[in-house]
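*Asks:* Starting from the known structure of chain F, fit chain S onto it as the hints suggest.
Here the protein sequences line up with chains F and S, keeping their order.
Counting from 1, one number per residue, gives the positions in the first sequence under the numbering used here.
Counting from 1001, one number per residue, gives the positions in the second sequence under the numbering used here.
It is worth saying that the hints were derived from the structure and are not from the lab.
Glycine included, C-beta positions come from ideal geometry on N, C-alpha and C.
Take the hints with a grain of salt, since some may be wrong.
Here are some, though not all, of the chain S residues that point toward chain F, as calculated from beta-carbon distances under 8 Å [claimed, not checked]:
hint, residue
1, GLY1022
2, GLY1023
3, SER1124
4, ASN1176
5, VAL1180
6, LEU1182
7, LEU1191
8, GLY1210
9, ALA1250
10, LEU1253
11, ILE1255
12, THR1262
13, LEU1287
Computed spacing ranges between beta-carbons, pair by pair [what the hints assert, rightly or not]:
hint, chain 1, residue 1, chain 2, residue 2, range
14, S, MET1150, F, SER269, 40 to 46 Å
15, S, PRO1232, F, GLY22, 49 to 55 Å
16, F, ALA134, S, ILE1010, 41 to 47 Å
17, S, GLN1115, F, ASN132, 57 to 63 Å
18, F, GLY22, S, MET1150, 53 to 59 Å
19, S, GLU1237, F, ARG251, 29 to 35 Å
20, S, LYS1241, F, PRO232, 36 to 42 Å
Straight-line Cα separation of at most 25 Å, DMTMM-like style, residue types lysine to aspartate or glutamate; simulated pairs [to be verified]:
hint, chain 1, residue 1, chain 2, residue 2
21, F, LYS105, S, GLU1294
22, F, LYS297, S, GLU1103
23, S, LYS1158, F, ASP77
There are 2 protein chains.
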Amino acid sequence: MKVGFIGLGIMGKPMARHLINGGHTVYLFSRSGVTQDMIDAGGKSCTNAKDVAHNADVIITMVPDTPDVEKVLFGRDGVAAGLSTDHGTGKIVVDMSSISPIETKQFAARINKMQCEYIDAPVSGGEVGAKNAALTIMCGGSEAAFAKVMPLFDLLGKNITLVGGVGSGQTCKVANQIIVALTIEAVGEALLFASKAGADPARVRQALMGGFANSRILEVHGERMVKRTFTPGFRIELHQKDLNLALSGARALGISLPNTATAQELFNSCVAHGGAAWDHSAMVRALEMMANHEVAKAA
Amino acid sequence: MKVGFIGLGIMGKPMARHLINGGHTVYLFSRSGVTQDMIDAGGKSCTNAKDVAHNADVIITMVPDTPDVEKVLFGRDGVAAGLSTDHGTGKIVVDMSSISPIETKQFAARINKMQCEYIDAPVSGGEVGAKNAALTIMCGGSEAAFAKVMPLFDLLGKNITLVGGVGSGQTCKVANQIIVALTIEAVGEALLFASKAGADPARVRQALMGGFANSRILEVHGERMVKRTFTPGFRIELHQKDLNLALSGARALGISLPNTATAQELFNSCVAHGGAAWDHSAMVRALEMMANHEVAKAA
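Next up, chain F with everything else stripped away, as it sits in the complex (with noise of 0.2 Å):
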């Protein structure tokens, strides 16, 4: 398959390389240039997001946040003007960006109209998964065009599912990032309680996951907190962004999400405190500080 990869960052370069060693014609782009190590693989550099949709049917997009995935599309010399001179009928977008649910919309209606179509899959599983080709891959999307890129997710992730249609697998990833920020400041409290009040927070943690409180979050990031490894991970800017997503979109949307706007606020304090980079379950050191103690003192 003719496939496009724009956006070579910590994901995307794993992800294209993936692609490249599956057997396609993967064209490249990235604003900070295609490195030579991916021309060596195999991959075709591109000058712009154009050039890309230009050569390529299916084209993917791996960048940053919403506006960056509308310079991408819709800017000069993007992927849309790509799109339209190659008359592009048929061809496939495939964001798999982390970014608005709501906007997404809006810009799969714009591709659509180029009769083109568009598929919104972000991931969850960070680098480890992208280089280990075991992401999570939630999308949104009509079943046909799912179908035709099937192939490529399969290179890439273990977990991929069609959520429903555009705008879903956005929603979906969102939805998963509420839970995974509030379980971890579920987890944080319950640590930072039973410290407090004398207990071993490695036993209670033991203890916890033997019943009805167990999470993969009690299990990784509740180790984190007892054992105070902070190195991401997962960096708690990101998460702040997804929660951004969250607390915005529930604006638009005109819904009410308490617990999410306390998790942001945490990671706002941990941000105040130096903590951008820190791994998302030092979260709880923003309860730590409001409680002048911390979970493993009392181990």
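*Replies:* Positioned in the frame of chain F, the structure of chain S alone reads:
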């Protein structure tokens, strides 16, 4: 073993029966009287808690709340009176109620002064767990006393942990209830966001179960929210009691639990709408009322 069992409610009755069936001599007392079926099963009815403590070597209490434990232990004709008249040195008081970890330490100190041991051993698993002898039991106390009563716990539960010294069992139970309530809240916010944004919450739940956001709560209570099955289960009014232990404990300890506070307010809102006996997963209804949108509406 000569065992006393005080409190024969929904939980206590099947638990006492397991001890009788396990071959122990079980002395029974309940404020509402000992029913004939328990006597037919082989239980020995006593006229008060003092009488139970006089006859038994291990005295188990299973009553609703902190003041109930205080009354049954130290009130007129209470356990303490039975321990002292009997020169009860070496007897063990096991409180399996879910009560304040802070007052538990005071109760234990008073019992210890009588040369008796005290173990706090609250459970999770509810009525089903009690009937099936599958309770999770979280214990605080000395290793020696814990070893002595372990054969009794084995007849009642499956996941039995000595978390630490006296009070650690109750502390662990409170931590458990914080995480359970806050994870329910997290799943509620996530599914409400997804539904209002136009995604099918059932498919979002399914997709999230494959990843880092997964938990027993997402599996069990996420399904309840989607299918609207809010028959208990575990009643909101009971979880309110537990979060009150968390919040009053936090205040006494000088720590802040912001999302536990919000979760309690959401439970309060459910109760205001007649939901004291709803399953605790119905906390999502309070979020739905604020948003004027139901999770299941988009499905």
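*Asks:* Compare the structure with each hint and give your call.
*Replies:* Hint-by-hint comparison with the structure:
1. The interface hint given for GLY1022/S is violated, since its Cβ lies 22 Å from the closest Cβ of chain F, which is over the 8 Å cut-off.
2. Hint status for GLY1023/S relative to chain F: violated, with the closest Cβ pair at about 27 Å, above 8 Å.
3. Checking SER1124/S against chain F: minimum C-beta separation of about 5 Å stays under 8 Å; hint holds.
4. Taken as an interface hint, ASN1176/S checks out: its beta carbon lies about 5 Å from the nearest beta carbon of chain F, inside 8 Å.
5. With its C-beta approaching chain F no nearer than about 5 Å, VAL1180/S sits inside the 8 Å limit, and its interface hint holds.
6. This hint holds: LEU1182/S has a C-beta 3 Å from the nearest C-beta of chain F, less than the 8 Å allowed.
7. Evaluation of the LEU1191/S hint against chain F yields a held restraint, the C-beta minimum of about 7 Å falling below 8 Å.
8. Residue-level restraint check for GLY1210/S holds (minimum Cβ-Cβ distance to chain F is 4 Å; threshold 8 Å).
9. Hint status for ALA1250/S: holds, given a least beta-carbon distance of 6 Å to chain F, under 8 Å.
10. Hint status for LEU1253/S: holds, given a least beta-carbon distance of 5 Å to chain F, under 8 Å.
11. Residue-level restraint check for ILE1255/S holds (minimum Cβ-Cβ distance to chain F is 4 Å; threshold 8 Å).
12. Restraint check, THR1262/S versus chain F: the minimum CB separation of about 5 Å is within 8 Å; hint holds.
13. Hint status for LEU1287/S relative to chain F: holds, with the closest Cβ pair at about 7 Å, below 8 Å.
14. Checked against the given bound of 40 to 46 Å, the beta carbons of MET1150/S and SER269/F, roughly 44 Å apart, stay inside it.
15. At roughly 51 Å, the beta carbons of PRO1232/S and GLY22/F sit within the given window of 49 to 55 Å.
16. Between ALA134/F and ILE1010/S the beta carbon distance is about 45 Å. The supplied range of 41 to 47 Å therefore holds.
17. Take GLN1115/S and ASN132/F: their Cβ atoms lie about 60 Å apart, and the range 57 to 63 Å holds.
18. Restraint check, GLY22/F to MET1150/S: a C-beta distance of roughly 56 Å satisfies the suggested window 53 to 59 Å.
19. About 33 Å separates the C-beta atoms of GLU1237/S and ARG251/F, a value consistent with the hinted range of 29 to 35 Å.
20. Look at LYS1241/S against PRO232/F: about 39 Å separates their beta carbons, and that is inside 36 to 42 Å.
21. Between the alpha carbons of LYS105/F and GLU1294/S the distance comes to roughly 22 Å, so the proposed pair stays at or under 25 Å and holds.
22. Among the hinted pairs, LYS297/F with GLU1103/S is consistent with the structure: their alpha-carbon atoms are about 22 Å apart, no more than 25 Å.
23. Pair hint LYS1158/S plus ASP77/F does not hold up; C-alpha atoms about 64 Å apart against a cutoff of 25 Å.
The structure fails hints 1, 2 and 23 (numbered hints given earlier, in ascending order).
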